[in-house]
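Colleague: Below, each chain spelled out in residue letters.
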Amino acid sequence: MLTPEDNELLTRIGPDTPMGAVLRHYWQPALLSSELPDPDGAPLRLRLLGEDLVAFRDTSGRVGLLAANCSHRGAPLCYGRNEEEGLRCVYHGWKYDVHGKCVDMPNEPPASNFKDKVQHTAYLCIERAGVVWTYLGPFSPPPPLPHLEWIDLPPDHYLIAKRVQYCNWVQALEGDIDQSHVSFAHRRLDGGSTGGRREVDRIRAADTHPRFEVLDTDYGVVIGAGREADAASSYWRVTQFLMPFWTMTGPYGENPTRQSRAWLPMDDDMTVTFAVTFHPLRPLTDNEVARMRAGSGAGYVGEGNFLPPTSEPAGAWRPKARRENDYFWTRELQRTRFYSGFPDFWTQDAAMQEGMGRVYDRGKEHLGTSDLGIIRVRQRLLQAAKALRDRRATPPAADHPELYQVRAAAVLLPNGVPWFEATDEQRRVIPGVNQAGV
Amino acid sequence: MLTPEDNELLTRIGPDTPMGAVLRHYWQPALLSSELPDPDGAPLRLRLLGEDLVAFRDTSGRVGLLAANCSHRGAPLCYGRNEEEGLRCVYHGWKYDVHGKCVDMPNEPPASNFKDKVQHTAYLCIERAGVVWTYLGPFSPPPPLPHLEWIDLPPDHYLIAKRVQYCNWVQALEGDIDQSHVSFAHRRLDGGSTGGRREVDRIRAADTHPRFEVLDTDYGVVIGAGREADAASSYWRVTQFLMPFWTMTGPYGENPTRQSRAWLPMDDDMTVTFAVTFHPLRPLTDNEVARMRAGSGAGYVGEGNFLPPTSEPAGAWRPKARRENDYFWTRELQRTRFYSGFPDFWTQDAAMQEGMGRVYDRGKEHLGTSDLGIIRVRQRLLQAAKALRDRRATPPAADHPELYQVRAAAVLLPNGVPWFEATDEQRRVIPGVNQAGV
Amino acid sequence: MLTPEDNELLTRIGPDTPMGAVLRHYWQPALLSSELPDPDGAPLRLRLLGEDLVAFRDTSGRVGLLAANCSHRGAPLCYGRNEEEGLRCVYHGWKYDVHGKCVDMPNEPPASNFKDKVQHTAYLCIERAGVVWTYLGPFSPPPPLPHLEWIDLPPDHYLIAKRVQYCNWVQALEGDIDQSHVSFAHRRLDGGSTGGRREVDRIRAADTHPRFEVLDTDYGVVIGAGREADAASSYWRVTQFLMPFWTMTGPYGENPTRQSRAWLPMDDDMTVTFAVTFHPLRPLTDNEVARMRAGSGAGYVGEGNFLPPTSEPAGAWRPKARRENDYFWTRELQRTRFYSGFPDFWTQDAAMQEGMGRVYDRGKEHLGTSDLGIIRVRQRLLQAAKALRDRRATPPAADHPELYQVRAAAVLLPNGVPWFEATDEQRRVIPGVNQAGV
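Protein chains in written order, with my numbering: chain Y, 1 to 438; chain U, 1 to 438; chain X, 1 to 438.
Among the clues, some could well be false.
Remember, identical chains collapse to one label, so a pair may be satisfied in a single copy or spanning two.
[What the hints assert, rightly or not] Computed list of lysine-lysine pairs in DSS-like fashion (alpha-carbon distance at most 27 Å, straight line):
(1) K320 with K162
(2) K101 with K364
(3) K364 with K115
(4) K386 with K320
(5) K364 with K117
(6) K101 with K115
The set of hints was computed from the structure by calculation and includes no laboratory data.
Full structure from sequences and hints, please.
Modeller: Right under this line is the structure:
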């Protein structure tokens, strides 16, 4: 339960908010490189942290990310001419390079130095691992990219999925560090899997009230959720929260694929979910890729399951399943196949999170022991916002990219063996090693 | 004409408003029993007095009415599993019975007593006369149901109709205690009836300016509207207003069917109209029922004349005729058949009331002698709100259900005979008697 | 760049705003006479300066413009019966003449003098030159109509076009006194014309940075924009701004057609553009009219290019090309035919102006020498608003209709010859004379 003041502080991320300032200290996975396929191609509207932006790939292939409206008199740059190393407004021909420098101002006299006085808002972009990363923060130069494991992998080792979620980022993020919902929201009634292996499914169905142990880390929070496996041992699933919006949940099986997710605020009311499935040691198989592209697995909407693209920000990532059609929920499915009644894995989460309201009011909730992870993550975020606001303290790990070299884990342990110590190696990124999940 | 302060006081009915507090002292006809046909059937979204709720019928057949969002972390209960005497949230399995008691909390340890500390918002429901009545007020136990005449009748003696109206409840209510509009808004140009008998139609067309006499009663207001019938006699139609939103207008003919209506606020901007047509002494005839189901008569939209149902609150009761299509108004109809130009009886009212704006600003109006009833009803409502707010006075008749045993009336009287005294018996519910209207 | 206070002052035009008070001192070209074709015809919804109104043509052919909601209890008059010299509300039969006098109140006793106490809001209308002009201002009698040149012409000498633009009126107006955008937003890549003659097109393409000289006038502002024509001479295009929202841009060719435009606020967020193309000396040719009706030329959407009419205010003037479909912009068009990528002349302006946001925030802009005209027009408007607000000063030219007898001009002048003096005759309306543009 939060006070109204803390709820606002936690959720609002516009340019003039404390949490907005926190988030701006971190690199944002703003776009897929494939969304800007060609040099001098079509500009793309973007809405990020409450700011309207336009992205483009210039003649040299560099990505620019500019404030959406021209510095001159506010005309929309999304219709601009992307040509000769810059984006040119079609109202009066002002042209900006990827740094926001006004490199041409053809409606002013050639002798004028007015264009040198115009610095258009531009955010630094780096392309890495198929992602256009951008930095909206105060440091120049910015810190290095967070050293997430998949960033170093060859392109065939990972697959990235996106979708729009119509709610505030925090309630979406909270849903991903919530282990107990798996026993309910994702339960199958028809023998299908909840994502885990059969043995894990059995454990989750049998023990629906995991014990939580939560520890602060330099980069965020690590959360152990233990369930009874049998009389003598427990199944511990270890979730990582990395500032400001990264999550990793425990993998399944030996030599497992892994997932890393970000909950990227478009603004206070809309979120882009960003999910990377990767294998540390090998390419994803054709079968794995095909299943994800078909919409199977956490985070994957599937290629045929989006609404027709529009030119609005994130207009390519709007799922067909949405509140207006009850996410294809039916009572018959609820009776026979899916505990929740929602046929798609991702809607089993999204319907719950969007159904809380656009910005969930945490003044009426009742948190239990199963919410210890969520409670701690909120505290870390609020602490970071207050420390930055009140003491100008750099948020955790913002300048320590090496801290992101962690993994989630899942293990079977004899009762009494402490999960944190037991997963010490599993929770680290060790090249060439991919310790078994369960 | 009202001050801005009084207009707000009169119209706003959310949980923290004075008028909202007044309305919560009375039972609300929230749903038809037929909207929740089966035990363990689909939950139903409801919006009532500005609150988002979910209704369900449990295994035993009892109706529950719960706050729409789970007490745990706010997930939407409308997708819940309705099973084994309770509604279970599909996010974490929390289960509530019809009293809002958390009867299962499977994501917490079995030994935990946390679930005993959670009291989910639940409103008491009673089913009577085909209606699910609910009480959102302060008294426990609540007062008995208002003893409206039709509540005691066998099911084949009445028919209930609903529809959504896209405006504040007060301007809709005002329209129903307004007698003078009948001569205009409902006038026919083609010989069709305005709802009354031919003689009444003639009187209304000939005398378009009824004289109003208004009296306070223990339960609300009684309004006499007199029109010249001939040189020696008058037609008096007697309208009842019963706190907080019930209306009864004068019946037509000997041994007449009667109507009782409620104007139920979904929120400040939307109203559900609730109309009961009944005969005190006999079943409605097949012909009467067929005509109402086809959309003929005050309040009846007709079964084919609703938009396709949605799962939104009141999504089954949205008429096709609406502002966006001008309620099927045409100039040709206005020239030849309907004075107003609107072909449906109910749209002749709704178009006027919705056209005032969502919440009508009473600061610019000009009330005449024909508005005496409306003036008095507003005063009673405002008095009740101020008395409750300032002196904690229980609103009129909220705890006196027996006061609702009244009828509307319509009589022909020799000039000089006082209508109030003359209709004394007609205005009372007398079992086995159904005194003639005109 | 404006302060937030000045931006509000400049743009907001509701009944209680300083700029709204300025605009109400001038006649408004509210409707085309052809929008109210017949006596006793259908009433028409109108939204003007933030006010909801209803227009009708009475039995005698006079146009009335009334507040949209009945003075009685606020019912919508747009459904009224237009008959026998007045508009009658269909709720209770109250009837208003074109002066807003309540001429019948049939639901009150005939002896009542209540109707004499009701003065419904009505605005004086005059029909002239195919336009219904209305006056919402304080003076009674109002000043004469502004003596715009085309008002005196025979009907076959002019053609009027309208459309809705989804933004504040000022940013639309600014776009029309902006000369430098012609070289960019309207540039053709395929040899087509930007509206001018071939020689003018060549000059605009060669010299994209006109020199601006701006002078205050009694009626507004006159703006000269000079471009190099050849080594010895310049092309000067002279734009007129006439208070409060009239613009005239320099004509093309010998004995040219001319255009006069108004940017009429429906409210703060929506504008109706009003464009008159006229020839001072002769009827428009069939070819000229056909081209405009097909959607060619500044301001002309073309008859087939509107959305289906609705009964909402300005519902007949909503272009198909709109933000939601990117105004039919394509990258292919941008590459091959139109510098901007927008195929329609008017969308080359509207897309830019609407893309600034509904009410453009002038706090972040960077104005150059090419914006001198815009800067001065804003100053004149702000000065007028402050002078009226603080000193009750009548806005410029509001009571001097003779000042509107001016023309825009376009000339080729030897370098060093001052454009203002050289266009002295061209900038005046001289009957029987239509001095050549360029």
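Colleague: Could you check the structure against the hints above and give me the numbers of any it violates, in ascending order?
Modeller: 4
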